[in-house]
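J.: Those sequence lines, one after another, are chains A and B. In this text, residue positions in the first sequence follow my numbering: the first is 1, and each later residue adds one. In this text, residue positions in the second sequence follow my numbering: the first is 1, and each later residue adds one.
Hint data in this document are derived by calculation from the structure and do not stem from the laboratory. Keep in mind that the hints are not guaranteed to be accurate.
Said to hold, decoys possible - Straight line, CA to CA, 20 Å or less: simulated PhoX-like cross-link-like pairs of lysine-lysine:
hint, chain 1, residue 1, chain 2, residue 2
1, A, K119, B, K115
2, B, K104, B, K165
3, B, K138, B, K104
4, B, K104, B, K115
5, B, K278, A, K118
6, A, K119, B, K278
7, B, K282, A, K118
8, B, K115, A, K14
9, B, K104, A, K14
Said to hold, decoys possible - With the C-beta cut set under 8 Å, the calculated list includes, among others, these residues of chain A facing chain B:
hint, residue
10, L25
11, L29
12, M44
13, F130
14, S171
Using N, Cα and C, we set each Cβ at its ideal position, and we do this for glycine too.
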Amino acid sequence: MKQEYPALAVKRPKLRRYLYNNWQLYVMLLVPFAYFLLFKYVPMFGNILAFRRFRPLTGPFGVRWEGLRYFRQFMGQGDFWRAFFNTLSLAALNLIINFPVPIIFAVMLNELRSLRFKKLVQTVSYMPRFVSTVVVVSILTELLSPSSGALNRLIQSVTGNPPVFYMNEASYFRPLYILTDMWQFMGWSAIIYLAAITGISADLFEAARIDGAGRFQLIWYVTIPSIMPTIMIMFILRVGHLLSVGFEKILLMYTPSNSVVSDVIDTYVYRMSIAATAPQYSYATAIGLFSGIIGLVLVSSANLLARRLTGESIY
Amino acid sequence: MSKSTRIREKSPVMDAVIWLVMIFVLLCCVVPFLYIIAMSFSSSRAILNNRVTLWPIGFNTEAYRQVFAYPNFFRAYRNTLLYTSLGTLIALAMMVVFAYPLSKSRLKGQPIVMKMVVFSMFFGGGLVPNYLLMTSLKLTGTVFAMLLPFAINQFNLIILINFIKTIPEDLEEAARIDGLNYFGILIRIILPLLTAALATVGLYTAVFFWNDWFYSLIYLRSDQYPVMLLLRNIVNGTTMVGEAGGVGENASVAIAIKSAVIITSTLPIILLYPFLQKYFVKGMLVGAVKG
Numbered sequence: 001m002k003q004e005y006p007a008l009a010v011k012r013p014k015l016r017r018y019l020y021n022n023w024q025l026y027v028m029l030l031v032p033f034a035y036f037l038l039f040k041y042v043p044m045f046g047n048i049l050a051f052r053r054f055r056p057l058t059g060p061f062g063v064r065w066e067g068l069r070y071f072r073q074f075m076g077q078g079d080f081w082r083a084f085f086n087t088l089s090l091a092a093l094n095l096i097i098n099f100p101v102p103i104i105f106a107v108m109l110n111e112l113r114s115l116r117f118k119k120l121v122q123t124v125s126y127m128p129r130f131v132s133t134v135v136v137v138s139i140l141t142e143l144l145s146p147s148s149g150a151l152n153r154l155i156q157s158v159t160g161n162p163p164v165f166y167m168n169e170a171s172y173f174r175p176l177y178i179l180t181d182m183w184q185f186m187g188w189s190a191i192i193y194l195a196a197i198t199g200i201s202a203d204l205f206e207a208a209r210i211d212g213a214g215r216f217q218l219i220w221y222v223t224i225p226s227i228m229p230t231i232m233i234m235f236i237l238r239v240g241h242l243l244s245v246g247f248e249k250i251l252l253m254y255t256p257s258n259s260v261v262s263d264v265i266d267t268y269v270y271r272m273s274i275a276a277t278a279p280q281y282s283y284a285t286a287i288g289l290f291s292g293i294i295g296l297v298l299v300s301s302a303n304l305l306a307r308r309l310t311g312e313s314i315y
Numbered sequence: 001m002s003k004s005t006r007i008r009e010k011s012p013v014m015d016a017v018i019w020l021v022m023i024f025v026l027l028c029c030v031v032p033f034l035y036i037i038a039m040s041f042s043s044s045r046a047i048l049n050n051r052v053t054l055w056p057i058g059f060n061t062e063a064y065r066q067v068f069a070y071p072n073f074f075r076a077y078r079n080t081l082l083y084t085s086l087g088t089l090i091a092l093a094m095m096v097v098f099a100y101p102l103s104k105s106r107l108k109g110q111p112i113v114m115k116m117v118v119f120s121m122f123f124g125g126g127l128v129p130n131y132l133l134m135t136s137l138k139l140t141g142t143v144f145a146m147l148l149p150f151a152i153n154q155f156n157l158i159i160l161i162n163f164i165k166t167i168p169e170d171l172e173e174a175a176r177i178d179g180l181n182y183f184g185i186l187i188r189i190i191l192p193l194l195t196a197a198l199a200t201v202g203l204y205t206a207v208f209f210w211n212d213w214f215y216s217l218i219y220l221r222s223d224q225y226p227v228m229l230l231l232r233n234i235v236n237g238t239t240m241v242g243e244a245g246g247v248g249e250n251a252s253v254a255i256a257i258k259s260a261v262i263i264t265s266t267l268p269i270i271l272l273y274p275f276l277q278k279y280f281v282k283g284m285l286v287g288a289v290k291g
């Protein structure tokens, strides 16, 4: 590189050298990035349909601007608000119950002295995570069947009460949803906390013990505070996905008689669009966009709050 | 870690409580499967008389025989195998080629692409835009509707990126001095060191494809349905298998058949799971590290 070149001109060979060195990386990026844009970002921009009228066979982006018409439409729908509040209550209940459970489970697992038993419990409790929701709901349906299900038989033989069709009763929907979630994900979600607990320095425990801490106090004053950053991050992630309740499971558990509580935003969107005989795509997209934006607001505010409170955040 | 366990005080009550809870957890995880296995091997009379609990009564394999004799079952199973194997292969190829350049933080433009990846984890097209994209691309009703759109999963991609970042830079440097270009490095240096990560991500992807029923339902024709969707249709009564259906004896045949389908469609995962567990756990931990 010659010294007499002015600063601007020096830049060009630099850029050229950079590209010469790295063009292969960019070529590599080309196909998967285009693919990523097509399947993630095109649908994201497809949300524009919420403001536009849909006409069949004219593509996913609609044909004419309609402004906020579809938003006004669902805002005035009782069915939408029912789905909205069902989503909120199911998600909130699920968060309150199923967020702490894996933490407690992890702490308890860590207290086990027998490492072999611990290993066994871990192996077995992670497994339900890999079982299909179809299988989970199928097993549930069989166990709870009013004619042949084990639970009804047990209750009948003990108390003599007539069988209950649990899967069809609105009042049992939420408990069943939350319990099956616990069954599926408690062990799996505990992994991250277990890893965090394992990472705690033994010196901390020793120091606390010298200060006279008992086992409970060790958990309360050492273990829990030490894994607090992990708990915080997991909480943000959970809150961010608050509105996306287990759509597939709900769809499988959905019956007309429990729809009072089981109809959530996602199932409502599905019923109004793909599953409908006269699909209202723009209307359904508007609802989808609405809940997506709420999700985005939730995750950013949870993230901001976590950074303020603990200095931990995910981005 | 074992050190920290050892220094703790003894408190037998607490130990006993924890053991009881853990045994309860074990039972909760195992008993439902035992019940279904027992049902699938029991005689229809025993099921009808409500005598089956955790052990087959009147052991027979009639339910399995009927399931295997049902032509759609094999077709569905073959479909599932196709989507799982090919879908996983495509996904791994796509994600490795995406992850390698993205693992280089010095690469210009890398931070923007990473931000786009993370953003798309929190916001995206909902159900309808995705569905309409698939119909506009004329992919619905073809197997590509299953094989293509799920190839890049952001969580799995970040796992791969984090794995690649742990490979020492010197290794690549040396290879470059020896005259290998980036494609050569990816294939000859990175890929062999990535087997554990590929196993992890591959397993997650395979489990996704194996377990899917919803996307198959909205994107595929009925002769392309995978086994999970078949199971769902049997359970909700859309599909009848063998002599199942109706009341009395036939209803209990239906229960045995449902159970047999549940077991046959879940068996591969249950059998393979103990051997693959360490990979699953590893991925969970690497993926959780900030990307």
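J.: Going by Cβ atoms only, is L25 of chain A closer than 8 Å to chain B?
T.: holds, 4 Å
J.: Just to be careful: measuring from the Cβ of S171 of chain A to every Cβ in chain B, is the smallest value less than 8 Å?
T.: Hint violated; S171 of chain A Cβ to chain B Cβ min 21 Å, cut 8 Å.
J.: Does L29 of chain A hold up as a contact with chain B if the rule is Cβ-Cβ below 8 Å?
T.: With a closest approach of 5 Å, the L29 of chain A hint holds.
J.: Take a quick look at whether K119 of chain A and K278 of chain B sit within 20 Å of each other, Cα to Cα.
T.: holds, 11 Å
J.: Is the hinted pair K278 of chain B and K118 of chain A satisfied, with a Cα-Cα distance of at most 20 Å?
T.: holds, 15 Å
J.: Keeping to a limit of 20 Å between CA atoms, is the pair of K138 of chain B and K104 of chain B held or broken?
T.: It is violated: about 36 Å lies between the C-alpha atoms, which goes past 20 Å.
J.: Tell me if the straight-line CA distance from K104 of chain B to K115 of chain B falls inside 20 Å.
T.: The given pair, whose Cα atoms are some 14 Å apart, holds under the 20 Å limit.
J.: Are the Cα positions of K115 of chain B and K14 of chain A separated by 20 Å at most?
T.: Violated - the C-alpha atoms of K14 of chain A and K115 of chain B are around 26 Å apart, more than 20 Å.
J.: When you check the alpha-carbon spacing of K282 of chain B and K118 of chain A, does it fall within 20 Å?
T.: holds, 17 Å
J.: Would you mind confirming whether the straight-line C-alpha gap from K104 of chain B to K165 of chain B stays at or under 20 Å?
T.: holds, 8 Å
J.: Regarding the pair K104 of chain B and K14 of chain A, is the alpha-carbon distance no greater than 20 Å?
T.: Cα-Cα ~19 Å, so holds.
J.: Quickly compare the C-alpha distance for K119 of chain A and K115 of chain B to 20 Å and report which way the hint goes.
T.: Distance of about 38 Å is beyond 20 Å: violated.
Consistency with the previously given hints fails for numbers 1, 3, 8, 14, ordered from lowest to highest.
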